[in-house]
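**Student:** The listed protein sequences correspond, in order, to chains W and E.
By the count of this note's numbering, the first sequence reaches residue 382 at its end, each step adding exactly one.
By the count of this note's numbering, the second sequence reaches residue 382 at its end, each step adding exactly one.
Any given hint might turn out to be false.
For chains that are exact copies, the list does not tell them apart, and a pair is met inside one copy or across any two.
[What the hints assert, rightly or not] Straight-line distance between alpha carbons at most 27 Å, and here's what the computed DSS-like set of lysine-lysine pairs gives:
no.: 1; residue 1: Lys237; residue 2: Lys83
no.: 2; residue 1: Lys172; residue 2: Lys312
no.: 3; residue 1: Lys287; residue 2: Lys252
no.: 4; residue 1: Lys287; residue 2: Lys83
no.: 5; residue 1: Lys325; residue 2: Lys104
no.: 6; residue 1: Lys134; residue 2: Lys287
no.: 7; residue 1: Lys208; residue 2: Lys172
no.: 8; residue 1: Lys318; residue 2: Lys215
no.: 9; residue 1: Lys252; residue 2: Lys237
no.: 10; residue 1: Lys320; residue 2: Lys134
no.: 11; residue 1: Lys312; residue 2: Lys173
Since the hints were derived computationally from the structure, they do not count as laboratory data.
Number of protein chains: 2
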Amino acid sequence: MANQEIVNRKIVLRDYVVGFPKESDLVLISNEKIKLVVPEGSENGVLVKNLYLSCDSFMRDRMSKDCSYISPFTPGEPLTGYGVAKVVDSRDPEFKAGDLVWGMTGWEDYSLITRKDPLIKIEHTDVPLSYYTRILGMPGMTAYIGFMEIGSPKKGEYVFVSGATGAVGQLVGQFAKLMGCYVVGSAGSKEKVDLLKNEFGFDEVFNYKEEQNLEAALKRHHFLVIYFENVGGKMLDAVLLNMRNHGRIAACSMISQEHVQNLILVVTKSIRMEGFVVFNYYQRYQEFLEFTMKYIKEGKIKFVEDKAEGLESGPAALLGLFTGRNIGKQIYGTYEFGKPFVVPLLTLFSPSVSSGRMRYYFLL
Amino acid sequence: MANQEIVNRKIVLRDYVVGFPKESDLVLISNEKIKLVVPEGSENGVLVKNLYLSCDSFMRDRMSKDCSYISPFTPGEPLTGYGVAKVVDSRDPEFKAGDLVWGMTGWEDYSLITRKDPLIKIEHTDVPLSYYTRILGMPGMTAYIGFMEIGSPKKGEYVFVSGATGAVGQLVGQFAKLMGCYVVGSAGSKEKVDLLKNEFGFDEVFNYKEEQNLEAALKRHHFLVIYFENVGGKMLDAVLLNMRNHGRIAACSMISQEHVQNLILVVTKSIRMEGFVVFNYYQRYQEFLEFTMKYIKEGKIKFVEDKAEGLESGPAALLGLFTGRNIGKQIYGTYEFGKPFVVPLLTLFSPSVSSGRMRYYFLL
């Protein structure tokens, strides 16, 4: 088995992207054969078989040569991103064949991981493995650090979440409700608005695409104290106008390229805006895991994800993130463990179809 | 004396200002006569004779009807601002005739103060009274809270101060040196640059008007960790590009109306930007006074101020703030205590003349 050569398919970046990425910028190639052992010379290497790969918005930035805060992808090489994988072979004493792990891996069938930052062993397998790409992975940590640490919520405070159906946003809203806050969300379709109100318990939700005036929309839901920033640009300007004195803004992303003009309000309203990169907080993963597993076991957190199957569906899934087509987190599984759950003991599972694509909808 | 009526001259705002203010927007009027007693019906009123009035940048915003964060001035009424004054009569048990005070007062010979927030009794009279409009007043508190509290400096960190010869900026730079930081400043003339380097001990200074590219100018002095924000706009954009991860921005003002386009770097560099309004921190005045008096007594802090004499010189003095003409803090004294020092026991006093205007230069 170890000496047998098998094809290792990859999704590679054709060339650096200028402007909006297209599906054709990503190519599936199948011309590499590998042996399922960590090769000689790869000290501490860990060879994994990828099970779930995650589509995240920061991956778009990495397609551009000018990406400033993280290294761009290399044309001709597979994309890298968060995923769940099973160890096939390991020269690292911390991992052994058969271990389940999550962390940074490649968009390919098998990846040789040499930079294990983060690569975290999965201990709880009584939840779907795909959770480690979202509620128990990077988006969960992002929501936790951004809201609980930087937002410093107090009971009764008003919280606003933009991009609220996103993988991070839906968790921030639910963490906020669990902390006794009043939660306002925005999303870009009626379906998403309904989901936030009816399933996630947001107190107020508006469809930003239907608002002529974001400032006025937020004024209806005023007294904002905490803003979980996903968007930037005009939305940030509108939030600043409607924020109370001593408000806090936790900024994990700013998708918009628009300039910001109301920043003077940061001064006059004594607002604290703090950016953070979740990568710097993985030393606190255990603390986060305990916090979140408790609510998962109590059935107090819901999660919606989008899922596509097969490596070949990756490019379309990733680009769907940037057009607002997806709800929740976009993940896709490669062929082994093709069924949604490794250990299917969840309490409720309600698949629904939207926009012609399968959407899995979990109540934990 | 108390029943004698005397003329109370005032500088009033002619009408709300649109665009850049002109001297003619401010008018000296001399048609009011008052008695030097707190009038009947003014419970807890304090009548003061103004000695020093301070020109501050926020006063420009108050000339506009659309000022959002503080009430605009009322046309026909005297301007209000920070000043040093002597109590003439008081119905407030905390103050008695003869007390020296600093706080919010009017641009007039005498003011009836009914809203005593802040109105602080002056205890140390072994420094020039005018200090309470600057190093021991609002600008001093602003530098202290912004730099020491929000900036959280650590020894060896790189600090950048824009508008560094301003009343606040020159103190921030010196506090930073006292904390063992490396201090970079920007100012708008060669004279100011020399002053910062030669007298205030800044490690690096550049003239932002001579720089084609602010980003490149800052890159020469990179590794910024703390930015004391006075300017906003393009300067903030350039700072964001040159800031290290986990940098801190203490924002006490943003004069520029330019939009900001590099805010995404707040996220990617994990920057904390916090605005503050010194008005909310006066409960910590005693702590600040002890901290600063110690350095003043040890001769470790220098201060430059601009001074003009007579109420009638107020409009030109205030407008000079917005054209970069002034160095340090613009104050002007009304007729009593016309000499610069009430208690002239300071160690060094070096008047110099620049731009045809008297400039007082103190080494404490």
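**Student:** Each hint should be assessed against the structure and marked as holding or not.
**Tutor:** Here is what the structure says about each hint:
1. Lys237 with Lys83: The answer is between: 21 Å across copies meets 27 Å, while 40 Å in one copy does not.
2. Lys172 with Lys312: Answer is within; shortest intra-copy Cα gap is 20 Å, inter-copy 38 Å.
3. Lys287 with Lys252: Classified as both: same-chain Cα gap 18 Å, cross-chain 21 Å, threshold 27 Å.
4. Lys287 with Lys83: between (38 Å within a copy, 18 Å between copies)
5. Lys325 with Lys104: For Lys325 and Lys104, the Cα distance is within 27 Å only inside one copy (19 Å; across copies 74 Å).
6. Lys134 with Lys287: between (42 Å within a copy, 22 Å between copies)
7. Lys208 with Lys172: Classified as neither; 30 Å inside a copy, 50 Å across copies.
8. Lys318 with Lys215: within (15 Å within a copy, 60 Å between copies)
9. Lys252 with Lys237: Classified as within; 14 Å inside a copy, 30 Å across copies.
10. Lys320 with Lys134: Close neither inside one copy (30 Å) nor across copies (52 Å); limit 27 Å.
11. Lys312 with Lys173: So Lys312 and Lys173 pass the 27 Å test inside one copy only (20 Å; across, 42 Å).
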